[in-house]
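Visitor: Read off the chains here:
Protein chains: 2
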Amino acid sequence: MFRNNLRIALAQINPITGHLSYNRDKIISFIKEAEKNKADIVVFPELALTGYPPEDLLLKKHFIDDSLKELNYICQKVNDIIVYIGTVARQRRWVINNVAAVLQQQQVRAIYRKIELPNYGIFDEKRYFSPGRKFLIVDIDGMRLGTSICGDIWIKKGFVIEKQAQLGARLNINLSASPYYANKIQQRIDLLKEQASRFDTYISYSNLVGGQDEIVFDGGSMVISPKGKIIAAAKQFEEDLLIVDLPREHLKAKIPTAQANYYHVPLELNKKGRSFNKGRIEKFYRKEEEIYQALLLGTRDYIYKTKFQKTVVGLSGGIDSALTATIATDVLGKENVSAVFMPSRYTSTVSREDAYQLASNLGIKITEVSIENIFQKYLQTMRKIWGDVPFDKTEENLQARIRANILMALSNKEDWLVLAPGNKSEIAVGYTTIYGDLVGGFGILKDVYKTLVYKLASFRNKQAGWKIIPERIIKKTPSAELRANQKDTDFLPTYSVLDTILQEYIEKDNSLYRIVENSGLDVKTIMRVIQLVDNNEFKRRQAPPGIRITPKSFGKDRRLPIVDGYRIDFYVQPCEFD
Amino acid sequence: MFRNNLRIALAQINPITGHLSYNRDKIISFIKEAEKNKADIVVFPELALTGYPPEDLLLKKHFIDDSLKELNYICQKVNDIIVYIGTVARQRRWVINNVAAVLQQQQVRAIYRKIELPNYGIFDEKRYFSPGRKFLIVDIDGMRLGTSICGDIWIKKGFVIEKQAQLGARLNINLSASPYYANKIQQRIDLLKEQASRFDTYISYSNLVGGQDEIVFDGGSMVISPKGKIIAAAKQFEEDLLIVDLPREHLKAKIPTAQANYYHVPLELNKKGRSFNKGRIEKFYRKEEEIYQALLLGTRDYIYKTKFQKTVVGLSGGIDSALTATIATDVLGKENVSAVFMPSRYTSTVSREDAYQLASNLGIKITEVSIENIFQKYLQTMRKIWGDVPFDKTEENLQARIRANILMALSNKEDWLVLAPGNKSEIAVGYTTIYGDLVGGFGILKDVYKTLVYKLASFRNKQAGWKIIPERIIKKTPSAELRANQKDTDFLPTYSVLDTILQEYIEKDNSLYRIVENSGLDVKTIMRVIQLVDNNEFKRRQAPPGIRITPKSFGKDRRLPIVDGYRIDFYVQPCEFD
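For the protein sequence lines, the chains are A and B, in the order given. My numbering numbers the first residue of the first sequence as 352 and each following residue consecutively. My numbering numbers the first residue of the second sequence as 352 and each following residue consecutively.
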């Protein structure tokens, strides 16, 4: 039977980093599924077998050995279908590469070694991998395919894609582990469209999906035509197997127009009859919904992959803990989220009502534990040391730390993961008590600015069709309630001003002078915010991990010294050191 | 007057990372001092102007601008003397290099760009810098000098030194920021001797000194002759200006024996008369004394450079807090260290006596705060939630966290830095309470194995000539005293067994099977230790910074995921996930 299409399957999987046997089994089941769908080729994401990023597991010789063993195991299961798998391979004992292994008929038929290794932002690939030096061209019954891995198509203006197009390739098989931040999918689409049309090639883009510590991979694998059109697209934020047929005549090898150093591997197809599959195009999420999905996936995977099942949230009646509890409930179900309300003398009636209302809306159990007696006991004890001293941040922090101790006691006794409610704005300026409200195993909102916290809460209510997060929580003046009549704005500018400055200083790395210029805001306000950000690096170092949704989170993205003499209070005022 | 020597000054300075004006002034004062000593050349360490490592400060455009301004400022102060300074320079807006700038007569006469950029262990240089491509040869009145920066002489079997020797250089000016770990100085000496004799060249090695977050630079700058002899050596662990004359006839340019891509810069000397300075050779520290010095310097610099003056230590009567308090007192003086003794029902009389004896020996103030009443209050409060449940780790952790809250209250009220007492062994296996004894701004013993803690305590007593750390503290059975009759060995193997396994697993990255082979220890014990190390990554992520004294500390050296399916309990037993 005449076959005028090449059928490609994009296997968008969610591996567990380091869990080689789990990942192997998942890969094998996706291969089987692709076979069932009569695919000619199935493509897995970058480092699909090891998970991404394996970090210093890559420095363990036995980890590389074990990865190679599992690859071999998978290989034994592969017959006619051509399988592209992202994994590690060794050149010499301590020289390893980030590779695409091409398997067929129980054999590793080819290895492509990633050429462009990213070493910025969250990426440390040059710490582990040696760059490849050769392209890989695979010919299949007259069709010609190039190969690339993630960063290869992101830098040097298409160098890797370009060269392979010049070598006559018509389809580039890309294996990616491209981390999410808000609207990243649009950047990817723009990039892929540009590369595809510029070099007159199809691009098949298989992306990873799932949460790994702070990083979320959003999937959204796709196939782009040489005209820059999305001809098939997989789901975002979940596993998927995307199948699409490409016309053979469009993939026929061109005559090379340039020379390059490359491996050339001929493979053959099994001639199976089947009908045409034009592929499906899933809709990508946008704006708040996209971010919300990322938070759901990041939370789900962190909790399950660390083998927790249940969580606990301290509900204060405020927006951060409310949104945290809502997301946790959406992910885990109401039976797996416990709320604790821990009032002190400074807690308002409104806060209690709102916390209870939220818990009731979510259907989660809420327990009340007053911290008042314990707080009294601390004050008595400390008064013996320091006598009658004025109330200051010490007493505020004491309350937050009593609450932390109660949450941790529940965590220890019940095996619940404590979710820290902190948002990016307050973690940035240190408006948080270290070992107090900063306590937790995971911080869902760690990379979410306060202004976005409000938007997400409103989005969730709109999605629900009712005020699942009570309107009053969204509307009321933010307060830590650690002293009488406290408001966040006693200490901070309004959140809209604060977040503007923070984005300039953190995401854009701009100087004081540039921020004044860009924002038109008051110099003193900007200076004070910068000062707070600089001086609170020590708190962030001891903060729990949380989900990255911006291009610069407080994780591996932003590596600043704690001892930092470039702080604004050093360089604006003279320094008294030494 | 005839000059038959070249006088070189090695300026071993302790900069504050990022504090450009402070570093600039220090550099200028060392230049003046070198001039006073009639030096022809003064050589500063790698990145002396910015401090090492500046990390993501290097991603701020204004930081690079400011560094260039300060370099220019220094330049204006330079007359006859030739100055080599380690700093950053720009090639294009986003292309920066780690450079040696050569200054004379108010001008930047040459720039050498570091070729070999380390990107392993604690190093991330490829994140920031582009590698240089050209060597730098400086000719001075017939003498020929090569240039190298740190990593240049550590890798590729002397490539950079070799090529410059082949170009006729007789003296290699090396600027380094070589971080300390125990006995590193001997590795450096071996390396320098080998390189110098192999390529028949003098090497002048200017190293940084001082603490920067977790890293300590130990100085020990030196000059090595082509015969592999140390002809001058600066002090370890303090600032120094080392001056030595080298015979001119030995530095006369050789005829090049190879070609290479290089900058060739001719400079001249001012002909000043002076007598011969053969240089001094300071003695390097060894063994426990060396490590103790590293801990002193690391502690001193962290505290002063973060602008703290006073510290507080919770004394338990145990060895870790005792050594921590002793080091703090050695560094800061007794008036700047406060001890707090916080007994519970489980605290023994012996512990109280020992804590008080130590405080008295050190001359530091000790305050007693019983946690009993507060502990009772927590138990009452929690009993309302969970009723009568058996005592477990929850109640143990509660006590540790009450102590943490008291220490933090003192920290907040008095502006004291809390010193965390944890050692490497217990942090490795998670035998520590997160938000409890793991609390603190800095952990002096974070990278010190328990067996070494004992050795350092004994060393300190020997050095003092009396039992400054009471003998009973060193001799008694270790216990956390969080329940009745508790001993560390209820939970852990003996520390000598534990530390053997930890070194195999952490420093050497060996597999279970290899550790069994190497150590001859019981498989089950080894497995249990590995399991504990793996499962406690989350605690280490929220641990305070501390001083690195081994080649692999729990800081930037060891980057493992928290979600890690390669954990021994995943790969030995089947995994239940999903």
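Just so you know, these hints were derived from the structure itself, not from any lab. The C-beta atom is built at its ideal place from N, Cα and C for all residues, glycine as well. Please note that the accuracy of each hint is not assured.
Said to hold, decoys possible - Beta-carbon label-pair distances, calculated as ranges: (1) R734/B - T845/A: 37 to 45 angstroms; (2) Q427/A - V874/B: 43 to 51 angstroms; (3) K813/B - V446/A: 40 to 48 angstroms; (4) R441/B - K420/A: 44 to 52 angstroms; (5) Q882/A - I379/B: 24 to 32 angstroms; (6) P482/A - K629/B: 45 to 53 angstroms; (7) D551/B - K428/A: 56 to 64 angstroms; (8) D416/B - D841/A: 45 to 53 angstroms.
Said to hold, decoys possible - If we take Cβ atoms under 8 angstroms as the criterion, some of the chain A residues that face chain B in the derived model are: (9) N470; (10) Q563; (11) K656; (12) Q660; (13) K661; (14) K716; (15) T718; (16) M733; (17) W737; (18) K744; (19) A760; (20) S862; (21) R892; (22) P895; (23) R910; (24) L911.
Visitor: A separate judgement is required for each hint: does it hold in the structure or not?
Guide: Now the hints, each set against the structure:
no., hint, result
1, R734/B - T845/A: 37 to 45 angstroms, "holds (43 angstroms)"
2, Q427/A - V874/B: 43 to 51 angstroms, "violated (30 angstroms)"
3, K813/B - V446/A: 40 to 48 angstroms, "holds (47 angstroms)"
4, R441/B - K420/A: 44 to 52 angstroms, "holds (47 angstroms)"
5, Q882/A - I379/B: 24 to 32 angstroms, "holds (28 angstroms)"
6, P482/A - K629/B: 45 to 53 angstroms, "holds (48 angstroms)"
7, D551/B - K428/A: 56 to 64 angstroms, "holds (60 angstroms)"
8, D416/B - D841/A: 45 to 53 angstroms, "violated (36 angstroms)"
9, N470, "holds (5 angstroms)"
10, Q563, "holds (6 angstroms)"
11, K656, "holds (4 angstroms)"
12, Q660, "violated (11 angstroms)"
13, K661, "violated (15 angstroms)"
14, K716, "violated (11 angstroms)"
15, T718, "holds (6 angstroms)"
16, M733, "holds (6 angstroms)"
17, W737, "holds (6 angstroms)"
18, K744, "holds (6 angstroms)"
19, A760, "holds (5 angstroms)"
20, S862, "holds (4 angstroms)"
21, R892, "holds (7 angstroms)"
22, P895, "holds (7 angstroms)"
23, R910, "holds (5 angstroms)"
24, L911, "holds (5 angstroms)"
Of the numbered hints listed earlier, those contradicted by the structure are 2, 8, 12, 13, 14.
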